[in-house]
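Chemist: Model the full assembly from the supplied sequences, consistent with the hints where possible.
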Amino acid sequence: MSEVQRAGLQALYPFLADDGTPAGSPAERHEVLAALTESVARKATEIVDLRREMVESCGDQLAACAQAIATAAGRGGRLFTFGNGGSSCDAQQVATIFLHPARGWPVPAISLTNDIALVTALSNDVGFDLVFARQLAALAKAGDVAFGLSASGGSANVVRAFGEARRLGMLTVGLAGYDGGAMATAGLVDFLFVVPSSSIHRIQEVQTTLYHLLWELTQRQLVASESEVGGCTS
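1 is the number of the first residue of the sequence shown in the UniProt record's numbering; add one for each residue after it.
No wet-lab data here; the hints were simulated from the structure.
No residue lacks a Cβ here, since even glycine has one placed at the ideal position from N, Cα and C.
You may find that some hints are simply not true.
Derived DEER-like restraints, expressed as beta-carbon distance ranges [unchecked claim]:
(1) Arg-167 - Ser-39: 44 to 52 Å
(2) Ala-156 - Ala-121: 13 to 21 Å
(3) Arg-167 - Gln-61: 17 to 25 Å
(4) Ala-63 - Pro-108: 19 to 27 Å
(5) Ala-64 - Ile-116: 33 to 41 Å
(6) Ala-41 - Cys-89: 22 to 30 Å
(7) Pro-108 - Glu-38: 42 to 50 Å
(8) Arg-167 - Glu-46: 37 to 45 Å
(9) Gly-169 - Ser-57: 26 to 34 Å
(10) Asp-125 - Thr-45: 45 to 53 Å
(11) Ala-35 - Gly-74: 34 to 42 Å
(12) Ile-116 - Asp-49: 47 to 55 Å
Modeler: Below you can see the structure in the form of structure tokens.
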């Protein structure tokens with residue numbers, strides 16, 4: 001390890017020695033390791049409990065949302081996903097798993113954060129608040145699905161996109177945290193899943209679980225619909 005790396009490590013983790021091991025006496029090292037172990041165990045328990053709470057409280061809503069997405073897809077609807085920062089990464093993942101599922105039927109999906117030239121052009125020319133709404137206005141139609149994510153629930157461009165989606169007659173699905181923020185109060189989201197936490201880490205971890213559940217439940221609905229069609233025509 002170089003001197004620069006050692007200095008950087010010490011600045012980030014002052015409780016570590018130069019070689020990356022806990023600093024101090026054996027008793028002090030034991031105390032640091034015990035604290036780190038307790039922190040990891042507590043966080044793991046928090047996320048498991050929060051995931052269980054969300055699934056138990058929102059199970060029926062998740063199933064209904066998946067049914068609505070499957071119905072929209074069956075009628076030729078497309079899925080448009082959007083979010084900022086970490087939620088932008090999640091929006092891209094949502095589009096990816098629906099468009100390229102490991103099994104089952106693909107759902108046409110587009111992440112509105114993928115085209116950086118378009119995102120920066122709209123941000124520069126018309127304002128960042130409209131960066132997703134303008135794309136929906138140009139690309140989407142009635143019967144499509146708008147899927148927005150915001151850890152705070154208050155992202156202005158996400159809320160504006162839901163407003164445009166409602167104007168177009170799209171199905172709207174949202175994932176938020178805290179108390180849902182503007183996404184909860186604007187009345188623009190047909191299916192809103194609010195993770196009751198003030199920790200960005202816990203919120204985004206649970207949101208990952210929720211959109212994977214929605215994908216799996218949607219796939220089940222699509223498979224069931226295909227089986228029913230096959231049964232009627234055989």
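Chemist: Next step is simple, just say for each hint if it's right about the structure.
Modeler: Against the structure, the hints come out as follows:
no., hint, verdict
1, Arg-167 - Ser-39: 44 to 52 Å, "holds (46 Å)"
2, Ala-156 - Ala-121: 13 to 21 Å, "holds (18 Å)"
3, Arg-167 - Gln-61: 17 to 25 Å, "holds (24 Å)"
4, Ala-63 - Pro-108: 19 to 27 Å, "holds (22 Å)"
5, Ala-64 - Ile-116: 33 to 41 Å, "holds (35 Å)"
6, Ala-41 - Cys-89: 22 to 30 Å, "holds (27 Å)"
7, Pro-108 - Glu-38: 42 to 50 Å, "holds (47 Å)"
8, Arg-167 - Glu-46: 37 to 45 Å, "holds (39 Å)"
9, Gly-169 - Ser-57: 26 to 34 Å, "holds (29 Å)"
10, Asp-125 - Thr-45: 45 to 53 Å, "holds (48 Å)"
11, Ala-35 - Gly-74: 34 to 42 Å, "violated (53 Å)"
12, Ile-116 - Asp-49: 47 to 55 Å, "violated (38 Å)"
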